[in-house]
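Protein sequences, first through last, are from chains A and B.
Heads up: the first sequence is residues 1 to 147, going by UniProt numbering.
Heads up: the second sequence is residues 1 to 142, going by UniProt numbering.
Read the hints as simulated data drawn from the structure, not as lab findings.
Treat the numbers as computed from the prediction; the structure is a model and nothing was measured.
For every residue, glycine included, the Cβ atom is placed at its ideal position computed from N, Cα and C.
Among the hints, a few may not be true.
[Stated by the list, open to error] Here are some of the chain A residues that sit facing chain B, going by a computed Cβ distance under 7 Å:
1. 31
2. 34
3. 35
4. 39
5. 113
6. 120
7. 125
8. 128
9. 129
10. 132
11. 136
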Amino acid sequence: MVHLTAAEKSAILDLWGKVNVGEIGAEALGRLLVVYPWTQRFFEKFGDLSSASAIMSNAHVKSHGAKVLASFSEGLKHLEDLKGTFAKLSELHCDKLHVDPENFRLLGNMIVIALAHHHPSEFTPCTQAAFQKVTAGVANALAHKYH
Amino acid sequence: MALSPAEQEMVRALWKKMGTNVCIYVTEALERTFLAFPSTKTYFPHWDLSTGSAQIKTHGQKVADALTLAVNQLYDLTGALSALSDLHAHKFCVNPINFQLLGHCLLVTLARHYPGDFSPAMQMSLDKFLNLVTSALASKYP
Chain A
1 MVHLTAAEKS AILDLWGKVN VGEIGAEALG RLLVVYPWTQ RFFEKFGDLS
51 SASAIMSNAH VKSHGAKVLA SFSEGLKHLE DLKGTFAKLS ELHCDKLHVD
101 PENFRLLGNM IVIALAHHHP SEFTPCTQAA FQKVTAGVAN ALAHKYH
Chain B
1 MALSPAEQEM VRALWKKMGT NVCIYVTEAL ERTFLAFPST KTYFPHWDLS
51 TGSAQIKTHG QKVADALTLA VNQLYDLTGA LSALSDLHAH KFCVNPINFQ
101 LLGHCLLVTL ARHYPGDFSP AMQMSLDKFL NLVTSALASK YP
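Build the full structure now, drawing on both the sequences and the hints.
Shown next, in the form of structure tokens:
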């Protein structure tokens, strides 16, 4: 469970109301694949990932990024039970996709960076601190069913 | 994982653009680190760590000067940061994971202030540079 103050919850929801989930999701996933190239191992079917510009303009990356952030967005509605909310996805990432959970932490940081990039004035230190709690909570929830 | 010539150039170009503002951004990064990762405050129990604190600004200037030194000596980071590595290892006994946390908050700060320059390629160059600085700072650890 993520422990947020009322002010932190409010900061998160205020900013999230302004977020273009598809755009931020695409940017976060794209940056993950550029900055941490080993993460490309999970996306061999996505086609051309040969350069930063190829990655950022790749339609599969954009679409999958949007999907991932839509799921994260759902999590924001259930901060009191992230483990329950992400249980099935946790099983999927462990049993079928075989993703090292450390990569969830990296993607969380890419979401934080994308938010700072697109919403510089709203992304205050307090807002960042709140989002770091949430991304850590989601990463833990996604790793919870690993065995 | 050394920086390629193109990556070195990207880091130098942004540092030149920041000019005398490096200290301002590093100070902001420090404030963000203390707020987002409260465990980092354990190294400064005797300081005022509130936003705008004079002690954070002073430390921000020292860290900024060290990073600027690193940018100017990319060919020998271990040598350039040797004395600082001794200090952080033997006197302050800082767990090196904390350098990564500050590095992340510096990237967040630069993404806010230089959105047009903060392309994925720039982020990768800065990330690699900061990882090399972290390794150099940890080089004297026993």
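Checked hints:
no.	hint	verdict
1	31	holds, 5 Å
2	34	holds, 4 Å
3	35	holds, 5 Å
4	39	violated, 12 Å
5	113	holds, 5 Å
6	120	holds, 4 Å
7	125	holds, 5 Å
8	128	holds, 5 Å
9	129	holds, 4 Å
10	132	holds, 4 Å
11	136	violated, 10 Å
Comparing the model with each earlier hint shows violations of hints 4 and 11; every other hint is respected.
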